[in-house]
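Asker: Residue numbers (this note's numbering), protein chains in the order written: chain A, 1 to 185; chain B, 186 to 907.
Hints listed in this document are in silico derivations from the structure and should not be mistaken for laboratory results. Ideal Cβ positions, reconstructed from N, Cα and C, are used throughout, including at glycine. Please note that the accuracy of each hint is not assured.
Capping the alpha-carbon separation at 16 Å, the derived lysine to aspartate or glutamate pairs in EDC-like fashion look like this [stated by the list, open to error]:
hint	chain 1	residue 1	chain 2	residue 2
1	B	Lys557	B	Glu234
2	B	Lys221	B	Glu845
3	B	Lys764	B	Asp734
4	B	Lys372	A	Glu116
5	B	Lys886	B	Glu848
6	B	Lys376	A	Glu116
7	B	Lys226	A	Glu95
8	B	Lys686	B	Glu696
9	B	Lys764	B	Glu749
Here are some chain A residues pointing at chain B (derived, C-beta under 8 Å) [claimed, not checked]:
hint	residue
10	Pro74
11	Arg76
12	Ser105
13	Arg109
14	Ala133
15	Ser135
16	Thr158
17	Arg163
18	Gly171
From the derived model, a few chain B residues whose C-beta atoms are all more than 12 Å from chain A [unchecked claim]:
hint	residue
19	Ser355
20	Asp729
21	Glu814
Each chain, letter by letter, is given below.
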Amino acid sequence: MSNNNLALVMKERAKRVQAVTVTVHHMNDVLRYTIDLTLQENGTTIAAPGLDVVNLQKLEDLCHASGLQLLHPPFRSHSSGIHMALTGADRAIAETGTLVLDSSSEDIRIATMLSETHIAWIPASRIMPDASALSAYMQEKMASPPGYMAFITGPSRTADIERVLAIGVHGPQRLHILIMEDSPS
Amino acid sequence: MIQTAQDMKTYRDRIHQALENKFLRKALDNFASSYKVSRAKAFEGIDLEALRHQLADGKDQALTHLESLFQQFKAKAEAAGAVVHLAATAEEANEIIARIASDNGVHAIIKSKSMTAEEIHLNDHLEAEGFKVTETDLGEWIIQLRHEGPSHMVMPAIHLSRHQVGGLFSDVTGKPVDLEDIDRMVKVARKELRPVFLAADMGVSGANFAIAETGTLGLITNEGNARLTTTLPRVHVALVGLEKLAPDLETALRILKILPKNATGQALTSYVTWITGAVECAASPTGRKNLHIVFLDNGRLELARDPVFSEALRCIRCGACSNVCPVYGKVGGHALGHVYIGAIGLILTYFYHGKDNARAIVHNCLNCQACKSVCPVNIDLPYLIKKVYENILKDEGARPAKNVLLSLVMKNRKLFHTMLRMASSLQKPMVKKDAAVLRHLPFVFGKTQEFRTLPAFAEKPFREQWPSLRPHIPNPSYRVALFGGCVVDFVSPEQAVSLVKLLTAHHVQMEYPMEQSCCGLPAMMMAETETAVEVAVQNLQALDSQAYDYILVLCASCGSHLKEGYSRLLASKPELAEKLRRMQSRLMDFSSFMVNVLKVTPDAFVQSHTEVAYHSPCHLCRGLGVTREPRELLGTAGLNYIPCADEDVCCGFGGSYSLEFPEISAEILRQKLDHVDATGAQVLVTDCPGCVLQLRGGMNKRGSSVQVRHIAEVVAANLKSL
Ligand code: SF4
Ligand code: SF4
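Excised from the complex, chain A in its bound form (with noise of 0.2 Å):
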């Protein structure tokens, strides 16, 4: 299958699942789709971990310019005010809809985890068709311990109260998932 078969299977499994997909086509696009997220749903504050400076600097910039507030890691230290997590993915389940996080960075763990929403962005081309393609890449990841992967389908849910599906229980409320394409240019 193509990236682009792929991306499509990945947006319609993850919807499925209640995660919000957009394609994107340049990291500016995620910046500013998080920051326009992060006032749409009156958040206040951003964390960001494992961005690289470049970008970090144009997310603080923008942040500076909308009134929001670009959290500094350690993020422990604000683990009960984090409205959005954004972070980017490593890999891509498309079968599932599922995202792919080396979350062994206790920041990435934090953020991921106690934020309300959850931007994730992806290049296509890390899409695999499912969970089996993935051997090489997890069987790589564990040989090299201390590790945390995460594998993430959408927000977190239950089903515990009349098996009535909620979503948001202890994780983020909201998934948001940003596929990159190469420019049609």
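Let chain A serve as the given structure and place chain B with the ligands on it in line with the hints.
Answerer: Below, chain B with the ligands without anything else, positioned relative to chain A:
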């Protein structure tokens, strides 16, 4: 906290109470039907059978060397900074975990869901040691607040209504909670538990698998609480049953592919967490997580070596065997298990929580095979349940009088048949004229049996009619023997008479070997294995003639017992292997013979277009795997088959089960008959004489005009006269 009935009287009282809970029944009913749909959808396009086999084989393989997998895991995980423990017993595990907590100056503990922790009653122990323990899985938190055990292995609070949960939450928070708004209730839990997560010093989790090759723990979850439990506190203790050891990533991926789909119909849960070693943790003085992995033996190593029961350790705790169990659907998990619930609970309770807790609940199985048909690791649950019962009988030394009597009589065919004839003449004064049912029930049955009429014994058993019925077909197309079974022979010989008519019309020479006896299934059901073996050997002799092309059964239960049951019963008698193979290769149910061998065509039948509903007997659709042929045969025979809801759900008969648990049997039957009534058909057809008894008795009792017939009867009735 969990109090399971230890004798039948208390247990029947519990069941009576459970059946009074209308909310529970409705909730479980809805669940049972929606589960089947979502499961089927989740497995669309997946070769489930192949996957099940792979998984089961892989598990069996691993079970042969758990100790070395443990050593491998320990070496890897410890190299990555974890401390790995092995607890021989539940007490030892509790002590290890409490010691980890006190050594690290822990006060507050949070837990994510773990059936293994429930198994050892970890919370009780930690609380007694002065620790504050909070469950964080929503369902577990709810039952912790109510001081109850789980009523389902995946959805622990499925027995509670939103109103009960809302009321509980408003008590806990001291604030009013909208009793209808489930979303709000979930947010209450989010809000209430967040500070508890943040303040905890230690997190306790379970694991769905432990990969030996890399020392990795895997957690398959939805709410996100297990992620917080394993991340926020400085100490993480994972409690893992030894059977969760998987050799490699490939095995783990297989579990991942099947578990969420089979458990909840989800393609994948929201989260899958893979933890290898002690990751960074700023809350810990060393900057790295204080990770302890406690493996629990508690009888597992011994169980793994057991030739019969080891397969119970394949269980991946998906809960499916509860979801489809008709008994679970009526009484819920608190009445069908101790800590572990449903079919697997009836088995594991004996091994992990002792015979006292298993003694009563182990009876509560219809042998309907529904659990077995959905188990992702192919555990023969109904068989193991009977084996547990057998073990309990052995442990207790004294067999119940009914067992002794049954064995005594059944081993001697002549005595057995004489007694059936005697019963027939004794009941004569009680038989309603023209109805062939008992006017009033003999006092031994008592009031609880009144949910259905019971049939009278036939005036003349089939075996006595046979000499005058036996046709002589010159140059027959086939020669077949009928294995009648007790019900056809002594209660419903008209079913066999119908067969004679059909076979004769199709130039088939039928025989009725007179030395045949009861198939032995009732003995199996009462765990009288020795007797079951003896009658199996007798029947094998009786049916062993080169002269028969096929051996037909009108009773699905006999059929599946002759097939699957005999293979197991006679496995230790290699001298009979050839005879067994010969018998089984010729064994066939009535419909399959008509459709696949005789290939009957519509022109042989009056096309009456009578509307008929169909009940698919457990031992036909699951036992023998026959589903297409009976439905096709109805059409060919000129009947108009109207599909009905839950056709393949048990009718509640289960042989002696309906005598043991009449209230449950009645409830299962009621639902079945409601479904049939909804079709509007005036005839209900099935292909097992036991089901006919139950269904007909129920329809009679309702005063319904719906006729219940064995498929051989309705097909024969439409045969064109020559
Ligand atoms: S055989 Fe039927 S009644 Fe027995 S445990 Fe399995 S599903 Fe329940
Ligand atoms: S016994 Fe089979 S069906 Fe039941 S919980 Fe275990 S794996 Fe699931």
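Asker: Output the numbers, in ascending order, of every earlier hint that fails for this structure.
Answerer: 2, 14
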